[in-house]
Structure formats: structure tokens, C-alpha cells
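Chemist: Throw the hints in and build the complete structure from the sequences for me.
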Amino acid sequence: MAELVLARPGKLPVGPVGRHGVGQWGVGALIASEAALFAYLLFSYYYTGASALPGWLLEPTPKMWPALPNTLLLLASSVVAWLGEKGVERGNRAQALVGLLSAFAMGAVFAGVQVYEWAEKPYRIGTSSYASLYFATTGFHMAHVVAGLIILAMLALWVALDFFSPRRRIVVSAGVLYWHFVDAVWLFVFATYYLTPYLGFAR
Amino acid sequence: MTPAAFRTPEIGEDTPELRARLHAIWATEPGWKGWFTTVDHKEIGIRYIITAFVLLALGGIEALVIRLQLAGPDLNLLTPEQYNEFFSTHGMTMIFLYASPVLSGFSNYLWPLLLGSRDMAFPRLNAFSYWVYLAAALFLYAGFLTGNGANDGWFNYVPYAERQYNPGLNQDFYALGMVLLGISTTVGAANFIVTAFKMRAPGMSINRMPILIWGTLTASVANLVVVPAVSLAFFLLWLDRQFGTSFFQTSGGGQPLLWQHLFWIFGHPWVYAIVLPAMGMASDGLPVFCRRPLVGYSLVALSTVATMILGFGVWVHHMFATGLPGLSLSFFSGASIVITVPSAVAIFAWLATIWTGRPVMTTAFLFFASMILLFVIGGVSGFMTASVPVDWQLTDTYFVVAHLHYVLVGINVFPVVGATYFWFPKMFGRMMDERLGRWNFWTMFLGFNLGFLPMHLTGLFGMPRRVWTYPAGMGWSTLNMITTIGSFVFAIGVLLFFVNVARSLRSGAKAPADPWGGPTLEWAVPSPPAPYNFTVIPTIASRHPLWEEALDESRGRSSIARGMMLDHGKETVTTTPLDAEPDRIVEMPEDSWAPFLLAAALGVLFFALLLKAWAAIALGALLVLAALVMWLWPQRRLLEREPAHG
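Chains as they are written, first to last, in the numbering used here: chain R, 1 to 203; chain W, 1 to 646.
Keep in mind the hints are simulated off the structure, nothing from the lab. Treat the hints with care, since some could be wrong.
Claimed, not checked - Quick list of simulated restraints, FRET-style, between CB atoms:
#1 R:Gly10 with W:Arg19: 22 to 32 Å
#2 R:Ala184 with W:Leu619: 25 to 35 Å
#3 W:Pro526 with R:Ala105: 54 to 64 Å
#4 W:Thr322 with R:Met64: 20 to 30 Å
#5 W:Leu611 with R:Glu120: 27 to 37 Å
#6 W:Gln635 with R:Met142: 22 to 32 Å
#7 R:Ala105 with W:Trp392: 28 to 38 Å
#8 R:Glu120 with W:Trp392: 18 to 28 Å
#9 W:Asp579 with R:Glu120: 48 to 58 Å
Said to hold, decoys possible - Looking from chain W toward chain R, a few residues come up when the C-beta cut is under 10 Å (computed):
#10 Ile11
#11 Leu224
#12 Ala229
The beta-carbon is built from N, C-alpha and C at its ideal position, and this holds for glycine as well.
Modeler: What follows is the structure, given as C-alpha cells:
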């Protein structure tokens with residue numbers, strides 16, 4: 001005999017709780033798409049470099065100063081942002097504000113150093129395909145840093161306004177996750193432009 | 001009032017009181033304000049479909065002008081420059097502004113109804129993706145109407161598209177318009193993916209999803225990761241043209257083939273993205289008219305996914321004639337041949353469904369069934385050009401034009417028109433005219449084949465594509481005249497379709513909830529559905545909830561009239577990705593200005609970029625930022641903020 005199947009769930013969370021909720025999936029999809037964008041940018045570099053004539057690399061031995069410390073600074077800002085998120089999770093508003101604002105400051109320094117690096121380059125975006133790729137790829141990354149900085153600033157503002165609690169804080173987790181992405185993807189950009197020449201790519 | 005963080009959903013019956021309560025919560029405000037702010041997936045879906053059909057008509061008119069120019073040798077209806085804009089804009093319109101958006105429209109409308117949900121996962125994002133699509137269409141057509149339309153073919157090869165060969169604004173309109181359209185496609189894809197995994201009714205485990213869900217989900221995963229390739233390509237082209245970069249300029253060490261790679265890494269998965277959802281429509285529609293379940297559900301679902309996975313590895317078959325290394329060509333040729341296997345699985349599943357069923361010859365059935373034939377013809381000509389030496393003979397001839405029209409018209413337009421006959425009663429509460437429908441079908445079917453079957457020969461006789469005219473005595477004149485006649489007959493068929501839609505909207509017979517005796521959830525709700533879709537959240541016990549008595553596949557019966565009421569606010573339930581166990585009650589956003597404002601701000605920004613008006617660019621960027629902050633500002637009602645705080 002057939003019987004009716006009826007879902008009778010017990011207590012369910014209402015709305016986003018902690019870092020879990022539908023929005024988490026949305027940020028995941030955004031990051032997947034953005035990661036693909038950077039994959040195509042780096043593909044463009046490798047494809048053009050692999051089929052280019054010798055002498056294509058304008059910097060066969062890229063300088064590690066200040067790029068390497070700047071990279072470490074950006075990575076550290078991810079840890080600091082995570083500490084800020086933990087602050088919201090523990091209901092410690094001071095820790096949250098210090099974490100988010102420090103991450104903002106470190107990200108801003110990273111952006112400033114990057115602008116300095118651009119200004120120091122002996123070539124401009126129109127010089128050659130290498131120069132175009134370098135400025136476009138780091139430029140795209142800079143756009144993501146700026147977006148991430150605006151997000152960190154908004155999060156700090158909202159924390160200051162006491163919007164969140166350990167339970168209702170998905171906005172903070174989503175924003176910080178995006179910042180982690182901005183930092184992680186830089187490693188691929190850095191490895192491509194600063195390290196692969198030493199491995200012999202396109203030399 | 002502080003909503004509790006946890007709640008046990010109350011179970012209840014579908015009663016008139018509950019309906020009235022939900023209606024008050026979910027209905028969009030009438031009038032112009034509601035029109036701009038609605039986030040109802042049904043309204044958005046219908047807007048998508050109507051906009052896409054308007055663009056289909058525009059692209060069709062462009063095609064007819066092209067066919068008049070080619071009707072005989074040495075004609076001068078268009079100048080060569082106008083011809084370039086007409087055939088490029090025709091391709092751009094049909095492929096980017098019709099074929100994909102129309103499927104998004106149907107999926108937007110149907111998904112929550114098929115899934116047993118009250119809306120998509122991100123309703124505001126849904127509204128936004130429509131507004132940006134509209135903005136991109138207006139942007140691209142603003143170019144065409146001012147004589148600055150795309151003019152290097154829809155795939156727009158460099159170096160033709162570079163500034164030194166193409167100094168007008170044509171390519172800038174095309175490049176920026178495509179970047180704008182890419183935003184719409186990407187956010188739409190993200191919404192479909194999350195909806196498929198989180199918004200299914202309890203009990204609708206992943207092996208109980210309708211095939212349309214599989215089709216659009218697969219297409220959306222592909223779009224999410226391949227659209228950035230084409231957006232990037234067009235953006236880099238714009239930089240080359242306007243800022244003197246050398247991405248594709250050989251003079252600066254750039255690589256013209258990079259354009260082709262980026263375009264086709266996107267372009268070929270995209271071809272599957274604009275047919276897989278349409279194949280899903282046929283897979284769900286045909287069985288209804290064959291009075292039996294689809295043969296080989298699991299194989300069809302898996303081959304949908306397999307097609308896309310293989311589809312990521314075939315893009316170089318568009319580049320066989322570019323002088324790439326032979327080993328690379330062999331690999332991509334092999335993949336292009338293997339991909340016919342999952343396609344054939346779907347074909348045999350449909351044939352077996354018809355063979356073992358009791359077909360009812362409705363107009364919708366005719367459109368779905370004819371697609372099988374057209375798919376085989378388009379598939380076989382594709383299989384032929386998957387072979388490198390054959391492709392070297394046929395590339396850039398009308399054979400390829402015939403092939404791609406069989407694929408795109410055959411597996412997109414035919415099932416979409418069939419889907420309109422099938423789901424029109426659900427959308428508008430009225431039936432379409434079956435008698436006019438027969439005329440509609442046979443005119444389209446005969447006109448299309450009359451026009452495009454001989455075109456294979458035109459190609460085999462060596463007529464190159466994209467030529468503006470041709471001399472007499474090449475042996476192409478008669479064939480071209482036949483194609484022109486066929487295309488006009490086909491156009492009359494499409495016109496009959498539009499006439500049928502317009503007449504049925506006003507005076508079609510009233511449609512009941514389930515006019516065709518369908519198996520899936522959309523037929524369990526009234527035609528047209530209420531703003532909240534389902535009075536109670538249904539629980540699903542099988543793949544065919546409305547056919548359970550007839551099929552008796554399992555012991556359990558789906559519960560449609562009794563379930564979670566979720567009437568404390570604008571609520572629905574999310575479920576786990578594979579088993580669809582309820583895992584959260586979610587508050588859905590109210591109607592909002594943010595999606596429209598953000599799309600309008602993007603429109604300002606892109607027009608400013610086109611004109612390189614720096615003050616306007618800054619203004620547009622600020623407007624975009626303001627709209628985003630307005631959208632994302634944490635709301636108490638959505639439980640993004642703690643009510644006790646702040």
C-alpha cells in the first residue's frame with residue numbers, strides 16, 4: 001500500500017547562522033568565476049611567452065625588492081583579517097575592529113607599493129606585449145585589491161555600528177573570504193611574473 | 001520582534017486562508033514601481049523570453065536582408081560595409097542576445113516551479129541579470145542603429161578588429177557591449193547553480209531532478225568559468241584599440257592567435273550552453289506526449305554532464321586551419337569526434353521514448369520530435385568537420401554556415417518554440433491554438449530545410465562564407481535563390497508563431513492547472529501560478545510526483561497538498577545539495593530598487609567608457625559603488641544583522 005512521504009524537519013536554523021547560509025554559496029560562485037578570469041590572464045601570458053621570439057621578457061631577472069616583502073605583507077593581511085573575523089565570532093568587537101582595520105592598512109600599503117613598482121618600471125603598457133600583459137594582469141589584481149579594501153572598510157564600519165553578533169555575521173565571513181581570494185590569487189600572479197623567469201620560461 | 005534563530009516548521013494543509021496570507025506577503029506591488037522593483041522569478045522569466053523573442057525578430061529581419069542581397073549574383077542591395085554589419089549583427093544577435101537569454105528566461109520561469117521552491121536562490125540577482133541583459137542589448141543595438149555595429153563577424157578575429165583596419169566605433173561598441181553582457185550571464189549562471197543545489201523541495205534528491213535542471217545547471221557551470229575568457233578577450237581588444245597595447249598586435253610582439261584561443265575556449269562550451277537546456281526541454285516535454293517516462297533518465301543526465309566536460313576540450317576544432325602543430329590538432333579532432341557519443345545517447349533516448357510510448361501529435365510534440373532529425377543532420381555535418389582534412393576543405397565555406405544553422409536553429413529555436421507551446425498555458429493561463437500551431441510548425445520546418453539543406457551543397461561547391469556577393473557562372477546562383485526562398489518561408493513560419501502567441505494571449509481557451517497531464521511539479525499549481533508558487537512546500541517521493549498512481553514506481557507518494565507552511569514572512573526552505581534534506585529556513589528579499597539602479601549605473605559607466613569621457617566614467621563608477629553599497633547594506637529582515645544590536 002502506498003503511503004504519503006512528508007518531510008517533517010525538526011528545529012531548523014532560520015536565516016544565515018555563523019558563516020553558513022545561501023550567501024556563502026554565492027561568494028563561492030563569484031570567486032570561482034574570478035579565479036577563472038585570472039587563469040585566462042595567466043594563460044595569455046604563458047601562451048604569448050611560449051610562442052614569442054627571444055628577448056620577449058623585458059625583465060629576465062625580476063627584482064625581488066620590494067615585490068617579495070610586499071607579497072608577504074599581503075599574505076599576512078589575510079591572517080589579520082581572519083583574526084578580525086574571529087573577533088566577530090567571539091563577540092569581541094575590539095579584536096574585530098583591530099583585525100579588519102589592520103588588514104585594510106596592510107592591503108593599502110600593498111597597493112601603494114604596487115603603484116610605486118609600476119612607476120619605477122622602465123616600460124609602459126604600450127611598450128610591448130610583455131608590458132601590456134604585465135600591466136593588465138597586475139592592474140586587474142589591483143582592481144580586486146581596491147574592491148577588497150572597500151569591502152574591508154565597509155565591514156569595519158558595520159562592526160563599529162555593532163551590526164553583528166556571533167550568530168549573525170555571514171556578511172563578515174563572506175567579505176573576509178573574498179579578501180583571502182584576493183591574496184591567494186596574487187601568489188599565482190607573483191609566481192608567474194617574478195619566479196618563472198628564473199625557471200627559464202621565455203628566456 | 002526578534003525572530004528565533006531556530007524554528008520547527010509548522011506542517012499544514014493548502015487552505016484558502018493560507019493562500020491569502022501568502023499572497024499578501026509575496027505579491028509585487030502593482031503599477032510602475034512594482035514593475036521596476038519586482039524580484040519574482042516568473043515576471044523576470046517572462047521579460048527575458050519576450051526580450052529574447054524581440055531580438056530573434058530583429059536578427060531574423062537582418063537575415064532576410066542578407067538573403068535578399070545573396071539571392072542572385074552581382075546584387076547591390078547593400079554596400080559591402082553594410083553587408084559586414086548586417087551579417088555580424090545577425091550572428092551577434094542570434095547567438096548572444098537570443099539563444100542564451102531565451103533559455104535563461106524559460107529556466108528562470110520554470111526552475112522554482114519544477115523544484116518545488118518559492119523563488120530562485122538570489123531573487124535580486126535574478127532581476128539584476130535581466131536588467132543588465134537589457135542594458136547590453138540596448139548598448140549593442142545603439143551601435144548598430146548609429147552605423148557602428150559589429151562588422152567583423154560574430155567571432156570578430158584580429159587583426160581585422162584592430163584599430164588600424166577598423167577605425168570606427170564599431171568594435172568598441174561590440175567589445176564593451178560583450179563585457180557588459182558577460183556580467184549578466186555570469187551572475188545568472190551563479191544563481192542557477194546555487195538554486196539547483198540548495199532550493200529543491202525536500203526529497204528531490206539529485207537523481208530526481210528534471211532533465212531541464214540538469215541541462216541548465218551544466219550550462220551554468222560552464223558559463224561561470226568560460227564567460228570570463230570572452231569578456232577578457234574583448235576587454236584586451238578594447239585596450240589594444242584605445243590605449244595602444246599589444247595583446248594581439250604582432251608589431252608589439254603580440255599574438256593574434258591568442259584572440260582565437262580566448263574566444264573559442266569560451267565559444268565552444270557556449271555552443272553547448274545554448275543547446276543543453278533546450279535538449280532538457282525536449283527531454284522533459286517529449287515523455288509527456290508519449291505518455292511514458294523518458295527512457296534512460298540516468299544516461300541522459302550523465303551524458304548532459306559528459307557533453308560539457310568534453311566540450312571544454314574541443315575549442316581548437318575552430319582553429320584547424322591556423323597552422324597549429326599536428327599533434328594538437330589530432331587531440332582536438334579526437335575529442336570532437338568522441339563528443340558525438342553523449343549526444344547520441346540523448347538521441348537514442350528520445351527515439352526509444354517515442355518508439356515505446358503512445359505519441360500524442362500536438363504542436364509541441366512536433367517541434368520536440370523534429371528537433372531529433374535536425375540535430376542528427378547538424379550533428380553529422382559537425383562530425384564531418386571534426387576530421388582535420390575534411391575541415392581544411394570545408395572551413396570558411398557555406399557548409400559550415402549550414403552546419404551551425406542546423407545546430408542552433410534545430411536544437412535551440414525548434415525546442416524553444418515547442419517549449420512555448422508546452423508551457424504557455426502555465427505562464428498565461430491560456431492554451432495556444434493547435435490548428436494555427438500545425439501551420440506554424442510545417443511552415444517553419446519545411447522553410448528551414450528548404451533554406452539550409454541545399455546550403456551544404458553551396459559550401460561543397462566552394463562558396464566562401466561572409467562574401468558580400470558573387471559573380472554569375474560559379475554554379476551558386478540557383479542554390480542561393482532556393483536558400484533565400486526557404487528563409488522567407490521559414491520567416492513566415494516564425495511570424496505565424498508570433499501571431500499565435502498574440503492571439504492566444506487575448507482569446508486562447510482557458511488552461512487548467514495540468515492541461516497535458518504532466519508528471520512534474522509545475523503542473524501541480526494553478527495556471528498561472530500564485531506569486532508564492534507553492535502554498536505548502538511539497539515533499540517529493542519519486543522522479544514523477546504527478547504520475548505516481550499510474551507508474552507505481554515506489555511505495556512512497558509525494559505530498560503536494562500538505563507540507564511546511566512557512567508563513568512567518570517571505571520564507572522558503574533550503575535543502576542539502578545531494579539528498580535534499582531540509583537544512584534551513586531562509587528569508588527571501590523583498591522587491592528592491594537596487595538591481596535596476598545597479599544595472600542603470602553600469603549602463604552609464606559603459607557608455608562613458610565608450611566615449612572615454614573621464615568625468616562621466618568617474619560618475620558611473622561612483623553610481624555603481626553607491627548601488628552596490630545600497631544592495632549589500634546588511635538588513636535586519638534578511639537576518640544579516642542581529643536585531644538586538646545597532
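Chemist: Now, for every hint given, state plainly whether the structure supports it.
Modeler: Results for each hint:
Judged by the Cβ atoms, the range 22 to 32 Å given for Gly10 (chain R) and Arg19 (chain W) holds: they are separated by roughly 27 Å. Distance hint for Ala184 (chain R) and Leu619 (chain W): a CB-CB separation of about 33 Å, consistent with the stated range 25 to 35 Å. The given range of 54 to 64 Å is respected by Pro526 (chain W) and Ala105 (chain R), whose C-beta atoms sit roughly 57 Å from each other. In this structure the supplied range 20 to 30 Å is violated for Thr322 (chain W) paired with Met64 (chain R), their Cβ-Cβ distance being about 39 Å.
With their beta carbons about 32 Å apart, Leu611 (chain W) and Glu120 (chain R) fall inside the hinted range of 27 to 37 Å. Hint check: Gln635 (chain W) to Met142 (chain R), Cβ distance near 31 Å, so the stated range 22 to 32 Å holds. Against the hinted window of 28 to 38 Å, the Cβ-Cβ separation of Ala105 (chain R) and Trp392 (chain W) comes to about 60 Å, which falls outside the hint. Distance hint for Glu120 (chain R) and Trp392 (chain W): a CB-CB separation of about 49 Å, inconsistent with the stated range 18 to 28 Å.
Taken as a hint, the range 48 to 58 Å holds for the pair Asp579 (chain W) and Glu120 (chain R), whose Cβ atoms sit roughly 56 Å apart. Look at Ile11 (chain W): its Cβ gets to within about 6 Å of chain R, closer than 10 Å, so that hint holds up. Taken as an interface hint, Leu224 (chain W) checks out: its beta carbon lies about 5 Å from the nearest beta carbon of chain R, inside 10 Å. Below 10 Å, beta-carbon pairs count as interface contacts, and Ala229 (chain W) has one with chain R at about 5 Å; its hint therefore holds.
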